[in-house]
Structure formats: structure tokens, C-alpha cells
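Peer 1: Sequence:
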Amino acid sequence: MIAECERLLSRFASRRVLVIGDIMLDRYWIGEASRISPEAPVPIVLRQRSSCYPGGAGNVALNVAALGSAATLIGVVGSDRAADELRDSLEGGGICANQLLVDRGRTTTVKTRIIANKQQVVRVDEEDTHNLTAEQETEVLRTVQGLLTSSDCVVLSDYAKGFVSASLASGIISAARNLGVPIVVDPKGADSARYRGATLIKPNRAELSLLTGTILRCHADALEACEQLSNKLPDVAILFTEGSDGMTLHVPDGGFVHFPTRALEVFDVTGAGDTVAAVTSVAIASGADFHAAAYLANCAAGIVVGEFGCATITAERLLPAVLESEFGPERSHQVL
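Following the working numbering, the numbering of the sequence shown begins with 138 at its first residue and continues without gaps.
These are calculated hints, taken from the structure and not from any lab test.
Note that CB positions come from ideal geometry on N, CA and C, so glycine has one too.
Hints may be right or wrong, so weigh each one.
Here are the simulated distance ranges between beta carbons [said to hold, decoys possible]:
id : residue 1 : residue 2 : range
1  : R172      : E264      : 44 to 52 Å
2  : A357      : R218      : 44 to 52 Å
3  : A357      : P389      : 17 to 25 Å
4  : N315      : A343      : 30 to 38 Å
5  : P175      : Q256      : 15 to 23 Å
6  : K255      : D225      : 32 to 40 Å
Straight line, CA to CA, 16 Å or less: simulated EDC-like cross-link-like pairs of lysine to aspartate or glutamate [unchecked claim]:
id : residue 1 : residue 2
7  : K248      : E222
8  : K248      : E264
9  : K248      : E272
10 : K255      : E169
11 : K248      : E228
My request is simple: use the sequences and hints to build the entire structure.
Peer 2: Written as C-alpha cells, this is what we have:
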């Protein structure tokens with residue numbers, strides 16, 4: 138597996154990934170709290186610094202670029218200051234963001250996290266989740282079709298913020314399949330049919346529960362739900378992420394492979410799913426099978442959850458994680 142991972146990582150720099158989905162701005166206000174407000178039983182946070190980063194599909198694109206691959210991003214923003222900040226951050230991260238759709242009737246999605254004493258106190262969301270118009274969807278699909286011929290993989294990052302409708306998702310997946318371009322889906326919501334025809338779908342526990350309408354009380358429930366989802370989405374691989382419990386891969390007409398977490402300490406899971414989507418897509422674009430792609434994604438997730446905020450991973454950091462796996466690659470997974 139080490140030799141295979143090294144071969145794949147060496148190809149990352151020549152890959153081109155098209156990232157499509159809901160884009161948002163992740164803003165952080167960071168400070169200290171030493172007093173309780175006399176107005177209400179809440180802490181008073183003395184802000185010391187602030188920062189902002191692309192989130193959602195924007196964070197997926199940042200991770201793709203950090204891995205050394207070329208990333209083009211398609212999504213919708215408003216005509217506001219947050220959109221300007223988002224573009225600046227994307228361009229600073231080496232992302233091609235000139236295909237963003239501007240909707241003057243929409244507020245750019247912003248998630249503001251207030252951090253005090255290294256703990257998140259509260260999150261404030263600003264968003265407008267109305268669907269695109271039929272004309273806007275047609276414009277987006279036309280843009281996607283023009284970019285697919287120069288793409289090695291597509292990531293569809295659905296955060297249920299109004300961009301990825303059922304019709305747009307189906308149109309994108311159909312266009313990609315017609316050209317033989319693999320497509321990785323990070324899903325949201327209960328409508329699994331919109332993702333039919335994808336190459337791989339990457340739900341977390343809550344998303345898998347919604348997609349199958351089941352309550353996941355234990356790992357066995359999750360495996361059964363994966364089987365149910367596979368019946369709904371034949372020929373689609375499922376990479377089920379389980380937070381601190383690692384992730385489980387289910388391949389069409391195959392069994393399950395569980396990858397235990399590689400994290401020494403889970404500090405912040407913000408954006409970890411985006412990292413998994415990015416690494417999986419770049420690996421598949423580089424010729425990886427599902428097992429190798431999931432193995433690399435699990436190694437990457439083990440790094441970013443130990444860092445603060447929406448962290449990114451590079452190929453240079455990923456290779457040592459592969460080489461230094463505690464039990465070695467041959468013993469890092471368990472066939473169920």
C-alpha cells in the first residue's frame with residue numbers, strides 16, 4: 138500500500154478537479170472570556186483577533202489546491218462584502234473562482250464562530266437558501282459542461298443552501314458520466330435519488346441516517362443503512378465517515394472495509410468532511426481504486442481533526458502520515 142500511495146501522491150500535481158456546490162465564508166472571532174455578563178448568564182468575550190476562510194465547497198477546493206491539484210470552483214454568492222472576502226480568500230489559496238454565479242437577490246452564506254479560551258462559545262449564521270432560478274441552473278449546467286472536458290474528477294458538495302437542487306445534481310452527474318469523469322458526492326438531505334449515477338458518495342452519520350430514514354444506534358445499524366443506501370444507489374461506492382471512529386467503505390457488489398481513525402487527538406472536526414471529499418476525489422482522479430482513496434482520506438482526516446478550524450492538508454504532509462501509521466498500512470484496516 139505504501140508504494141501505491143507514493144505513486145498516487147506523485148500524480149496529484151497534474152490532476153484537475155472541478156468542485157461544485159454550496160459556498161460559504163467561515164469567520165472566526167477569537168478572544169478570551171473571564172467574566173459573565175450582568176445582562177444575561179453568558180460569557181463576555183474580549184475579541185483579540187479575527188480571521189475568515191472559505192467554507193463548504195470553498196474549503197473542498199482549498200484542500201484540492203493544497204494537495205497540489207488544480208481546482209476550479211462553481212457556486213453562487215451574493216453581491217456583498219462577504220462575497221468579496223470570499224473571492225480574495227479563494228484567489229489567495231490558488232483557486233480559480235471566476236466561474237462563481239452572482240445572485241444580487243441572495244446573501245452570501247456566512248458562519249461566524251466566536252471562540253473564547255480555545256472553546257467555541259456560539260455560532261451565528263447568515264444565509265439565504267432559496268433555490269436558483271431555472272435560467273440560473275441552465276447557466277450553471279452550461280458552464281459545468283464546458284469545464285468537464287478538462288477535468289479529471291468532479292466533487293459535488295451539497296450543504297442544502299439552495300445551490301444543489303435535484304435537477305442540477307442530476308444534470309451534473311449525467312454530464313460527467315457521459316464523458317467518463319468520476320464524481321464524488323458529499324450529500325445533504327433525505328433525497329438520495331438526486332445522487333444516482335455518482336461514482337462515490339460520502340455521508341457522515343447524520344447524513345446516512347437522513348438518506349435512509351433510519352436511526353443509527355450502533356455501528357451495525359450504520360452497516361445496515363449503507364446496504365439500504367447501496368440498494369437505492371446501485372453501482373455507487375459509499376464512504377461512511379464516523380468521526381472519531383474512522384470511516385467505513387462499501388463498494389458495489391462487495392463487502393465493507395473499516396478504517397480506524399488515525400488521529401492522536403480530536404480537537405476540531407470543522408471541515409474534516411471537506412478534506413475527506415478533496416483527498417478522495419484527487420486520489421480517484423490520480424487512478425486510485427476505492428480502497429486506496431479511502432485509506433489516503435482517512436490518513437488526511439486524522440491530521441486535520443487535530444488542528445483548529447478548517448485546516449487543509451498537503452501531499453507533503455500526507456505522505457509521512459501514510460509512512461508513520463502506527464501499525465503500518467497492511468494492518469491499518471479491517472475487513473468486516
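Peer 1: Each hint needs a verdict: does it hold in this structure or not?
Peer 2: Status of each hint after checking the structure:
Separation of R172 from E264 is about 31 Å and departs from the stated range, judged on CB atoms against 44 to 52 Å. Distance hint check: the CB atoms of A357 and R218 are about 49 Å apart, consistent with the given range 44 to 52 Å. Between A357 and P389 the beta carbon distance is about 21 Å. The supplied range of 17 to 25 Å therefore holds. Between N315 and A343, the C-beta spacing of about 32 Å keeps the proposed range 30 to 38 Å intact.
For the pair P175 and Q256, the supplied restraint of 15 to 23 Å holds, since their beta-carbon distance comes to about 22 Å. Under the hint 32 to 40 Å, the C-beta atoms of K255 and D225, about 27 Å apart, miss the expected range. For the suggested pair K248 and E222, the alpha carbons sit about 13 Å apart, so the restraint of at most 16 Å is met. Note on K248 and E264: the hinted pairing holds, with a Cα-Cα distance of about 8 Å set against a maximum of 16 Å.
As the CA atoms of K248 and E272 are separated by approximately 28 Å, the hinted pair breaks the 16 Å bound. For the suggested pair K255 and E169, the alpha carbons sit about 8 Å apart, so the restraint of at most 16 Å is met. For a cut-off of 16 Å, the pair hint linking K248 to E228 is broken: about 20 Å separates their Cα positions.
Comparing the model with each numbered hint stated earlier shows that hints 1, 6, 9 and 11 do not hold.
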